[in-house]
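Peer 1: Protein sequences, first through last, are from chains L and G.
Residue numbers for the first sequence follow my numbering, beginning at 1 and rising by one.
Residue numbers for the second sequence follow my numbering, beginning at 1 and rising by one.
Any given hint might turn out to be false.
No copy is singled out in the list; a pair is fine if it fits within one copy or between any two copies.
Said to hold, decoys possible - With a straight-line cut-off of 25 Å between C-alpha atoms, the simulated SDA-like cross-links for lysine to any residue are:
hint, residue 1, residue 2
1, K59, K430
2, K346, P239
3, K348, Y210
4, K473, P105
5, K348, G306
6, K207, I356
7, K59, D5
8, K59, L189
9, K355, Q337
10, K346, D323
11, K207, D478
12, K235, K346
13, K355, D323
14, K276, F456
15, K355, R214
16, K249, M277
17, K235, I356
18, K473, Q443
19, K453, F343
20, K276, E416
21, K272, N42
22, K355, Y231
Everything labelled a hint here was simulated from the structure, so no lab data went into it.
There are 2 protein chains.
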Amino acid sequence: MSRRDLTLLTDLYELTMMQGYYEQGQNETVIFDVFFRQNPCNNGYSVCAGLDQVIDYIKNLNFTYDDVDYLRSLGIFSEDFLHYLSGFHFSGDIYAIPEGTVIFPKEPLLKVVAPIMEAQLVETAILNIINHQSLIATKTSRIVFAANGDGIMEFGLRRAQGPDAGLYGARAAMIGGCVGTSNVLAGQLFDVPVMGTHAHSWIMSFKDEYSAFRAYAEMYPDNCTLLVDTYDTLKSGVPNAIRVFKEMKEEGVHFKKYGIRLDSGDLAYLSKEARKMLDTAGFSDATITASNDLDEYLLHDLKMQGAAINSWGVGTNLITSKDCPSFGGVYKLAAIQNEDGEFIPKIKISENTEKITNPGNKTIYRIYDKTTGKVKADLICFVGETYDTNEDLLLFDPIETWKKTKLPGGSYTMREILVPVFKNGECVYKSPSVKEIAAYCRQEKKTLWEETKRLFYPHRVYVDLSQKLYEVKKSLLDQISATN
Amino acid sequence: MSRRDLTLLTDLYELTMMQGYYEQGQNETVIFDVFFRQNPCNNGYSVCAGLDQVIDYIKNLNFTYDDVDYLRSLGIFSEDFLHYLSGFHFSGDIYAIPEGTVIFPKEPLLKVVAPIMEAQLVETAILNIINHQSLIATKTSRIVFAANGDGIMEFGLRRAQGPDAGLYGARAAMIGGCVGTSNVLAGQLFDVPVMGTHAHSWIMSFKDEYSAFRAYAEMYPDNCTLLVDTYDTLKSGVPNAIRVFKEMKEEGVHFKKYGIRLDSGDLAYLSKEARKMLDTAGFSDATITASNDLDEYLLHDLKMQGAAINSWGVGTNLITSKDCPSFGGVYKLAAIQNEDGEFIPKIKISENTEKITNPGNKTIYRIYDKTTGKVKADLICFVGETYDTNEDLLLFDPIETWKKTKLPGGSYTMREILVPVFKNGECVYKSPSVKEIAAYCRQEKKTLWEETKRLFYPHRVYVDLSQKLYEVKKSLLDQISATN
Chain L
1 MSRRDLTLLT DLYELTMMQG YYEQGQNETV IFDVFFRQNP CNNGYSVCAG LDQVIDYIKN
61 LNFTYDDVDY LRSLGIFSED FLHYLSGFHF SGDIYAIPEG TVIFPKEPLL KVVAPIMEAQ
121 LVETAILNII NHQSLIATKT SRIVFAANGD GIMEFGLRRA QGPDAGLYGA RAAMIGGCVG
181 TSNVLAGQLF DVPVMGTHAH SWIMSFKDEY SAFRAYAEMY PDNCTLLVDT YDTLKSGVPN
241 AIRVFKEMKE EGVHFKKYGI RLDSGDLAYL SKEARKMLDT AGFSDATITA SNDLDEYLLH
301 DLKMQGAAIN SWGVGTNLIT SKDCPSFGGV YKLAAIQNED GEFIPKIKIS ENTEKITNPG
361 NKTIYRIYDK TTGKVKADLI CFVGETYDTN EDLLLFDPIE TWKKTKLPGG SYTMREILVP
421 VFKNGECVYK SPSVKEIAAY CRQEKKTLWE ETKRLFYPHR VYVDLSQKLY EVKKSLLDQI
481 SATN
Chain G
1 MSRRDLTLLT DLYELTMMQG YYEQGQNETV IFDVFFRQNP CNNGYSVCAG LDQVIDYIKN
61 LNFTYDDVDY LRSLGIFSED FLHYLSGFHF SGDIYAIPEG TVIFPKEPLL KVVAPIMEAQ
121 LVETAILNII NHQSLIATKT SRIVFAANGD GIMEFGLRRA QGPDAGLYGA RAAMIGGCVG
181 TSNVLAGQLF DVPVMGTHAH SWIMSFKDEY SAFRAYAEMY PDNCTLLVDT YDTLKSGVPN
241 AIRVFKEMKE EGVHFKKYGI RLDSGDLAYL SKEARKMLDT AGFSDATITA SNDLDEYLLH
301 DLKMQGAAIN SWGVGTNLIT SKDCPSFGGV YKLAAIQNED GEFIPKIKIS ENTEKITNPG
361 NKTIYRIYDK TTGKVKADLI CFVGETYDTN EDLLLFDPIE TWKKTKLPGG SYTMREILVP
421 VFKNGECVYK SPSVKEIAAY CRQEKKTLWE ETKRLFYPHR VYVDLSQKLY EVKKSLLDQI
481 SATN
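Isolated chain L, as found in the complex:
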C-alpha cells in the first residue's frame, strides 16, 4: 500500500537461517535458481514479468533502525547479528530473463549468485514479485489469444487481491497484451493507456436513461461508450443510445470513438441484435464492448458463436487468474563455491522425478529454426559451454533420454536468454518501459508455433539439458542413491 522498502517482506526463516550462517561463520558464495514446474492454466508457455520491481527491491534493501528494533524485540537474534543487518546491502550478481520473454518450465528465469546470507534473504520477495506478475502476464496472454485481434481492457482493480495486485497486475496485463487498463494509478506510474466510461450508477442518478446518455455524450465526444443494460438492453438501452447518436450527429457533433457496452445477459445474442439495430440506424462504425465475468474460455466460445463484439473488458478472471491463481515459482540452491572459486553443483532430490532440480551454474540458450524464426527448443547448459551453430546439435529429453532430435548445422540459431542484471551489487541493467516490454512480448509470441499458443492441450516446447549438465546431474543422483 505504500512504496516503502520491502526489506522485512520476507519469511522469518530467511532471517533465522541467515543468523545461523552468521554464527557458523559460513558465508560462501552460492547460486540459487528461480524456476517453475508447470505453466499456469495448462498453457503452452509462460511470460516472465516483474523484473523491474525486483530491481527496485534489491536496490532498496536496507534494515532501518525501526527494522532492527523490531527484530531485536523478537528475542531470537543476537546483537552481533543485528549489527551486521544494520549494515546490510546486497553485494552479489543477479541474472534474469528479460520481462516479456516467453519462458518454459524448469529453466532458471532468474539466478542469484551471492554470499549465502544475502542470497537466502532475498528469496521470498523475489518469488512474490516474479510469481505474481508472471502469472498475470501469462493469463492475459491466453485471454488476448482468445480475442483473436480484438482489444482486451484490464478492468479488475476492484477484485484484485489488494492494491499492489491491482497495480502490478495491471502492469503485467499490459505486458501480456492488454490495450489498456481502467487503473488510473497504473496509467500514471507505468505510462500505459487508461480506459473506461461510466457505471450503472451514472444512469440511475439521472431522471431517465436517455438524459444520462445525452449528458455523457455531450461531455465525451472523443470516446463515448454508453452502458446499455441498466433497464432493458434491447428495449431501452440500445434505442436510447441510437437516439443520442442520431441527435448528436444532427447537431454536427462528430464522435471520434463511440459505441455501446453490454454488461449482463447473453452477450452473443445481445451483441448480434444490438449490431443489427446500430447498423440499421446507420451506425455501423459504433463499437460494441462487452464485460461481465469474461475469461479466455467464454471469450473463445462467444467468438465461435459469432458474437458481434469488438472490444472486451476483462476483470476478476484476469486480475486474479481465477482458475489458477498462483504461479509456482520456486527458489532452489544449485551450487556452492569452494575455496578455489569453483561452483560445486548441488541437487535437491525428490521421489517425484519431475521435482529433481538441475545442479550447477547454468545458463539457457534459445534455439530457433533459421528459416521460420520459430522456437525449436531451449537448452540449459553450464555457463561457459560453447556451441557452433554450423555444427549439428543433438537434443535429447532429459527424462526420456531416448527421445532425440538432431538439428543439422546451419539450420538453427541460438540466443542466450539469461542476461546480467546486477554485478557485485550494482545494477547493470536498464529496464525498458512497459510499452517497450509489451511490444517485445508481442514479438516473442510470434516466435511460438500456433500449436504452442492453443488454449487447450498446446504442444509442449522442449527444454533440454546439455550433455555435460545431464551427466553431472546423473552422477549426483547416483551418488545419493548409493549413500541411501
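Knowing the structure of chain L, use the given hints to seat chain G on it.
Peer 2: Showing chain G alone in chain L's frame:
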C-alpha cells in the same frame, strides 16, 4: 521510498463520471452500499476485514500536483474540474460492520453517505481492500475450522499476488484465526506472532543432514523445528532429528518448543510413523508440523485418517484462496437525497431476482436466540425503524415470502451491527488492534451454529428484510415493470 496515498488507485470511469456530475452541477448526497452475493468457497458465512485500511485510504485522499498534472495529460478533464480535484477531500459519512464480524450475503457491510462525486470516487479502492481482506479472512476461517483446534500458520508470502497481497493477506489470516505468520513485515506492522524455522537449502549447505540439524538446534533451543524431508524422511530425517534431540538432552539443553516438520510425501503415513519413532525415543512432547499444498479439504481428510500432526503451515491455498480467489463485493447506489433532505430509495433491477438490490437508507440488526446466544437471523431495515424485543418478531424470506418464522417476544435479543466510522469527513472510529480483532472474531464464530460452520453444504443463516423495506422494494419493482 515513501508512503503513497492511493487517491489514483481508482477506475478511470469514476473520474469521468465525477467530471460529468461536476459539469452537470449535480452533487446531491447519495448512499452507496457495499455488499456481496455469495460466500466464498460455498462457506456458510464470511468474515469482514479491511476496514482499518479503508480508513487510512479515506483519510489520505488527496490529489497531489503530480496527480493533477497526470490527469491533465489525459486530455479529457477541464481545468475547472482539475482545480476542484486539487482541493478535494472526503466530507461524507461512512458506516461499516466492524472487522472480524461474521457476515452474510446481501447485507450492506459498508455504507457511504456522501455527495455523489465523492461517493463515486471511492468505490474502487474500497472494494479492492474489503474484497481482498474479507476473502482471506473467510478462507482462513475454513482452514482453521478444519484444523479443529490445531494451530494454523500462514506461510504464503512467496505465492501471494504481490507484496500487499502477502502483507494484508497475513493481516486477514490473523483475523481469520491463524496463530502466526512467516511474514516478518506483517509481524512488524500489525504486532502479530511471526513463525518459521529453516528451508531445505539450510540442510543442503551443510556437509550432511545431521550437522545441519545440530547447528540449528544449538542456535534455537527455544523453538527448534527440524525439516526432515530433504533426503529421506523416515530413513534419514527423523533418525537424525532424534539423534540431535538426544544429544542436546544429554548435554542438558532444555528445548522450550521442539519437533519436526514434514514438507512432502504422504503426510498421514509419514506423520504416524514419525510419531511412533519420536515416542519410542522418549520425545512424545515433540510437535509434528506439516506443510505442502495444504487446504481445508486435505486437512479435513488428513485429520479423518488420524494424521499425527499438531501444527500446520498453509501457504498458496490460503493466501490466494485458491479455489475461489475473489470475493464478489459490489458497490451499488441505494438512495439519493432530495431537496427536503429525504433519501429517495433507488433500485437496480436485473433479470436475476438474486441480483436486485435493496433500496434506501438501511441498517442491519443481528438477532440472537436469548438462551443460546446463537445467531437466529439478520434483519435489514430502514434507519430509524425501531423494535421492541419484548414483542413478537415476524421474519420472512424476502424472495420466498411464504417462508415465515415468528420469534416470541422475550426470546431473542438484537444488536445493530453497522457502526459509524466517518461523520462529515471526520473519522469517529478507532480500529482495534489485529490481535483484538482476531479475539473478537473467535467470539463471533461462537455465535454461529455448528451447522453453519460446516465445510460442505452448511446451513444458511437467513438475512431478512423488514416489512417496510420489503414493501418499498416491491413497489419500486412494480413501478419499473409498469413502465416497461
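Peer 1: Next, verify each hint and record whether it holds.
Peer 2: We went through each hint and held it up to the structure:
Proximity of K59 to K430 under the C-alpha cut-off of 25 Å is restricted to the intra-copy arrangement: shortest distance 13 Å within a copy versus 36 Å between copies. Taking the shortest alpha-carbon separations for K346 and P239, only the inter-copy value of 23 Å comes in at or below 25 Å, while the best intra-copy value is 69 Å. For the homomeric pair K348 and Y210, the shortest alpha-carbon distance between copies (17 Å) is at most 25 Å, but the shortest distance inside one copy (66 Å) is not. Taking the shortest Cα distances, K473 and P105 sit within 25 Å of each other inside one copy (18 Å), while across copies they are farther apart (55 Å).
For a Cα distance limit of 25 Å, the shortest separation of K348 from G306 qualifies neither inside one copy, at 51 Å, nor across copies, at 30 Å. In this assembly of identical chains, the alpha carbons of K207 and I356 lie at most 25 Å apart only when taken from different copies (19 Å versus 66 Å within one copy). For the identical chains of this complex, K59 and D5 are neighbours both inside a copy (9 Å) and across copies (22 Å), given an alpha-carbon limit of 25 Å. For the identical chains of this complex, K59 and L189 are neighbours both inside a copy (19 Å) and across copies (22 Å), given an alpha-carbon limit of 25 Å.
Taking the shortest alpha-carbon separations for K355 and Q337, only the intra-copy value of 24 Å comes in at or below 25 Å, while the best inter-copy value is 62 Å. Taking identical chains as interchangeable, the C-alpha atoms of K346 and D323 are never at most 25 Å apart, the minima being 35 Å within one chain and 35 Å between chains. With identical chains, the CA atoms of K207 and D478 are at most 25 Å apart between copies only, with a shortest distance of 17 Å across copies and 79 Å within one. In this homomeric assembly, K235 and K346 come within 25 Å of each other (Cα to Cα) only across copies, at 21 Å, whereas the closest approach inside a single copy is 69 Å.
When the C-alpha separation of K355 and D323 is checked against a cutoff of 25 Å, the pair qualifies both within a copy, at 23 Å, and between copies, at 24 Å. Taking the shortest Cα distances, K276 and F456 never come within 25 Å of each other, neither inside one copy (33 Å) nor across copies (47 Å). In the homo-oligomer, the alpha carbons of K355 and R214 never lie at most 25 Å apart, since the shortest distance is 61 Å inside one protomer and 27 Å across protomers. For a Cα distance limit of 25 Å, the shortest separation of K249 from M277 inside one copy, 17 Å, qualifies, whereas the shortest one across copies, 84 Å, does not.
Taking CA atoms no more than 25 Å apart as the test, K235 paired with I356 passes between copies only; the shortest distance there is 19 Å, against 61 Å inside one copy. When the C-alpha separation of K473 and Q443 is checked against a cutoff of 25 Å, the pair qualifies neither within a copy, at 34 Å, nor between copies, at 55 Å. With identical chains, the CA atoms of K453 and F343 are never at most 25 Å apart, being 37 Å at best within one copy and 54 Å at best between copies. Taking the shortest Cα distances, K276 and E416 never come within 25 Å of each other, neither inside one copy (52 Å) nor across copies (52 Å).
Taking identical chains as interchangeable, the C-alpha atoms of K272 and N42 are never at most 25 Å apart, the minima being 32 Å within one chain and 35 Å between chains. When the C-alpha separation of K355 and Y231 is checked against a cutoff of 25 Å, the pair qualifies only between copies, where the shortest distance is 13 Å, while the shortest distance within a copy is 54 Å.
Of the numbered hints listed earlier, those contradicted by the structure are 5, 10, 14, 15, 18, 19, 20, 21.
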